[in-house]
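**Q** Chains A and B, in that order, are what the protein sequence lines are. 155 is the number that my numbering gives to position 155 of the first sequence; each next residue is one higher, with no gaps. 1193 is the number that my numbering gives to position 193 of the second sequence; each next residue is one higher, with no gaps.
Relax, there's no trap hidden among the hints.
Beta-carbon label-pair distances, calculated as ranges:
1) A:Gly300 to B:Gly1230: 32 to 42 Å
2) B:Tyr1197 to A:Asp232: 48 to 58 Å
3) B:Pro1173 to A:Glu266: 52 to 62 Å
4) A:Asp118 to B:Ser1219: 49 to 59 Å
5) B:Val1022 to A:Gly314: 53 to 63 Å
6) A:Arg124 to B:Glu1086: 47 to 57 Å
7) B:Arg1229 to A:Glu164: 32 to 42 Å
8) A:Glu164 to B:Cys1235: 35 to 45 Å
9) A:Pro304 to B:Pro1287: 17 to 27 Å
10) B:Gly1222 to A:Pro160: 26 to 36 Å
Simulated from the structure, these hints should not be mistaken for laboratory data. Since the model is a prediction, treat every value here as computed from it, not as a measurement. Cβ coordinates follow ideal geometry from the N, Cα and C atoms, glycine included.
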Amino acid sequence: MGRRATIVGAGHTRFGAVEDGPRALLRTAVDRAVASVDRGVGRGTIDEGFLATLGFGGGQIGNSAAVLADEAGVPGLAVSRVENACASGGFALRAGARAIESGARELVLVAGVEKMTDVASARRRYWLGVSGDTEWERAAGLTFAGVYGLLASAYLNAHPEAAEALVAVAVKAHAMGARNPNAHFQRAVDPDDVRRAPRVADPLGLYDCCPVSDGAAAVLLAPEETAHRYTDTPVRIDGLGAATDHLAIQERDEFPGFAASRRAAEAAFRHAPWDRAQLSFAELHDCFTIAELLALEDLGLAGPGAAAQLTLAGATERTGAIPVNPDGGLKAKGHPLGATGVSQAHEVFLQLRAAAGARQVPGAERALAHNVGGAGATATVTLFARG
Amino acid sequence: MTVTLRLLRAATYVPRTELDGVRVAGPDEDAFTLGATALERLLAPPGDRAPAALHLVGAFPPIAGAGYPLLLGRPVPVVAHGDGPEAVDAAFAASSPAGADGATAVVLVVDEPDRADDGLAAGPAVAVAVEVAADGAGGPPPAGDDRSTGARARRWAAAASDPAPVPVEDARPIPIDRPRLRAAAAVPVGAVSEGAYVPRPRYLESVPSRWRLVAERCSACGALTFPARGACRWCGNRDGLGAERLPADGGTVVASTVIGAGSQPTEFDGPARALGPYGVVLVELAPGARGTFLVTDAPGPKLPIGSRVGTRLRRLYPMEGEWRYGRKAVPLPVDEAAGRSAGAGSHGAPSHPS
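Can you make the complete structure from the sequences, with help from the hints?
**A** Here it is as structure tokens:
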């Protein structure tokens, strides 16, 4: 095993409809990441940056990497902007970790941001879906909810019992969001609220969908051998998997599951010193409730067709056998697109350092984060362990 | 009038949408799509048969001149003859494909009556396509008392006799109310739409796949790639890809959703006001080839998984001052049954093993 990257600091803003613009959100997330470093860190020692953002709505759509250097307070820092739709954060984290692993960098800042709620509603609906296949699927009248509605219809056709599991995923997410002071939704919901909600894209209703949120998150990465300069409890990155699939679901042979998720998980576990049975919890990309069930199977956390049963048995609850999304997930914590993958790493950082408060997964030692772009066209799976 | 031509076969398309007992163009139909459906029916099964010329009668949108050759996949000359019953006779008189050995021409007549002030059709809509050959001594059908373009065209179609004409579609009507049809007529086309941007050249490039369901078969691994894009989606091979048309009437629904009101992409805001909550299906067109299609001409938006569908050319959404067209899914066996039960023989709708 060569050089490995660790997280030595992490910061997070409130997710939801907030007043701050994208610059202020980034500033807050980076400030908090810097402040979280136990033994302190000088900003001037940050030697590379990666910014994850989609540029939702079209504001500063190009060249936004420079904004991160400004708001991090590191003038002139080399920064690359990463845009892989909703998986931008996961891919930015991967790029940052690789920069450390390669020996090229000693302290890397990875940040993700999205400002979504200040966009006029027509423009918002225009942007929700530009990361799918715009030439074909969108021309058939599909947004992302529609694409996931198609996936859900096929899954429910094969597994009718999964309809109640979708309800359980939404109820669980809201229950966990209620314990997360950064979450967009911080209130529990009743199963009947979920069942009776208006349909957005049949069979998915309003409570099956993640909200439109603002927010930012940031992490600081350092090599394992110098991590002790910053903290006694770094979080080590043990596996980095990433993959793509055809942009359009109509071209995929694997359906409704995501081959990109499966491949990313296989790649991540191939070189990790531990396997799925040792996982303490997982951060899964639940942009829609069906996505959590698909991910459980794609990542090998549930057998084929067994995700609904696992969910209904309570295994994915915070105190279950394989807790999923103790922070509320995209569904309740919120989904500011570029921030999401970085936010997952932030949650892992808290959980593996036993600092997650009311939502702490008891005895958490190893975690997985799964970040998906579009409807499975890009995906990352990252493995973490207490350092 | 002296006409030396032989009326070979005819196809008539009557839209399923019904307003106050009258069959009218549906919310996503116009003269171009009405004509396209009749034309496809006439020339089915889809093969290499294409007319030497296409003679148009009716009030077509500007797309027709370039659009019908794209639909046929050939640079067929298109001649416009105006509108009205007299124009029908004039088109037939001019249609004799003289000179070309065994060549045929097609007269395509679309009667979509003028819209009244409220944007609603004043009479029934119909599209009639008749294939004619020069090697005959036929004449015009009896003059009759044809006061509409459609009635005159139907009389010509009835005179086609080799073989028996494909009869009028007898599919059950789908009633529509005035507000929805009015909303369809009111969709603004001129504005630059707030939609996912597909530049016009990219749209035109996709037309063979979008309109004619052209896929590519890989000579290396045998996989089908749809839509065609010059490379095998499975093995990446770019050499020896064979164009292959997927059946327009042989699909099976493998996934099905309904887009709720207000959840549509912005470019569908106008169409959605007319369509209401609309269905979208993922369809297996042939083993290994799937396509995503909006649902139209269905009693309800939700099509069950496993059901059979065909596809028809319809308006999708307006962008940059023009309608973009593509195929939409329609439930079968409605049309298929109409084509077959008519005793149309080999000229009915093709059947494809599922």
